[in-house]
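Novice: Listed here are the chains, written in short residue letters.
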Amino acid sequence: QKEVEQNSGPLSVPEGAIASLNCTYSDRGSQSFFWYRQYSGKSPELIMSIYSNGDKEDGRFTAQLNKASQYVSLLIRDSQPSDSATYLCAVGYSSASKIIFGSGTRLSIRP
Amino acid sequence: KAGVTQTPRYLIKTRGQQVTLSCSPISGHRSVSWYQQTPGQGLQFLFEYFSETQRNKGNFPGRFSGRQFSNSRSEMNVSTLELGDSALYLCASSLVFGEREQYFGPGTRLTVT
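Sequence order for the protein chains is A and B.
For the first sequence, the positions run 91 to 201 when the working numbering is used.
For the second sequence, the positions run 524 to 636 when the working numbering is used.
With the rest of the complex left out, here is chain B (with noise of 0.2 Å):
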């Protein structure tokens, strides 16, 4: 059964452009989770998607958006991007919403400058 995927794996901005992640979770899983890990904040929740609706929202501001798809692939946007967005943006999915078991894709790495 193949993993999450996320894409681009590797990305480069520069401060004030905006920014799309895109989640594919494993085959049948129908919710995606969306973190951010930094080294000094380690791993903070930006929200979590269940059958197309936004079931769980993380403390950041609302330049952080996301959306899912009814093929339960997801998209996570950020605008006017700053320079403490750079980080590693994880996609975790799960069969169903909640506290259940999550499997996390490669993650996409952003570098904003």
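The following block holds chain A by itself, in its conformation from the complex (with noise of 0.2 Å):
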């Protein structure tokens, strides 16, 4: 089992709808968990980072998080062309005191 797994996709959402992006993990002691926006030929950037059960909300963006069934998720709301990206999704591992990423779900919005 992959330490952080997520579909590779391509996920292809019509513009102004959700975009549901998941991401599970292996470590039941992780505490801190992050999703990154990566455009083509770009570096990742910080989108969201959550630590509590739950969701939370930043503009369009909510991350939800349930420990307990070791999964993490992004939502997307009111999908734009500019949504189109790949997500990475990472988790702190701390019996190893570090960052693990997935290796990505590409998405596009389409018109």
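Bear in mind the hints are in silico, worked out from the structure with no lab data behind them.
Just so you know, not all the hints are guaranteed correct.
[To be verified] Derived lysine to any residue pairs resembling SDA-like cross-links, with alpha carbons at most 25 Å apart: (1) B:K536 to B:V619; (2) B:K580 to A:G99; (3) A:K92 to B:R623; (4) A:K92 to B:S602; (5) B:K536 to B:E598; (6) B:K536 to A:S130; (7) A:K132 to B:E605; (8) A:K132 to B:K536; (9) A:K92 to B:G581; (10) A:K157 to A:G99; (11) B:K580 to B:S550; (12) B:K580 to A:G119; (13) A:K157 to A:N143; (14) B:K580 to A:E147; (15) B:K536 to B:Q560; (16) A:K146 to B:R623; (17) A:K132 to B:S593; (18) A:K92 to B:Y626; (19) A:K92 to B:E624; (20) B:K536 to B:S550; (21) A:K92 to B:Q567; (22) B:K580 to A:S185; (23) A:K92 to B:Q560; (24) A:K92 to B:S593; (25) A:K132 to B:L611; (26) A:K157 to B:V619; (27) A:K132 to B:E598; (28) A:K132 to A:K157; (29) A:K132 to B:T634; (30) A:K157 to A:Y141; (31) B:K536 to B:G565; (32) A:K132 to B:R553; (33) A:K92 to B:L611; (34) A:K132 to B:S574; (35) A:K157 to A:I140.
[Said to hold, decoys possible] Quick look at which bits of chain B chain A covers, simulated, 3 or more residues with Cβ under 8 Å: (36) 565-573; (37) 625-632.
Ideal Cβ positions, reconstructed from N, Cα and C, are used throughout, including at glycine.
The two chains are supplied separately, each in an independent frame; assemble them into the complex guided by the hints.
Specialist: This is the structure:
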């Protein structure tokens, strides 16, 4: 089992719809979770961090964390073509004192 | 506040040569991590430095090394370059060591011919 798993996609969503990106992790002791957005040819950009169970909202983005199910997700409301990018899930592994990145989900917003 | 800076942005080297990449973290950040990103392997962790000490290391051969200076600036070195070392090398800074928010620099695109 991979430490951080994401569906590679591509995930195609119509403009204006909700995009839902999912991530599972293997370390039950993990306490910190992050979502990064990476445009083609650019470096990853931190868009959300979440540390507690439940939802965290920031503008059109909502991160959801369920530690019991070892699951974290990112919802993007009112998807725009500019949201087309690869989204990387990252999990803080306390056992190793480091952040582990998933391989990313490629999101495409179609007009 | 200035972001993470990396130099050079692009580099072309020949097999067998060695290369040094530089990273300056966000002011006040004391931890620097290095990653290699390739289309096939995704983002691979190289190492993390905090207070001039390597705190974590990924599964890369000894040809990959790094260091951190007292001003938190970091360098990574790759000796005896191989074609497979062609990648985007990313530096990320964070306030402290461990599982906290990391902020990435623009990266150095290394091409080995």
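Novice: Hint numbers the structure violates, sorted upward?
Specialist: 1, 2, 4, 14, 17, 20, 24, 28, 34
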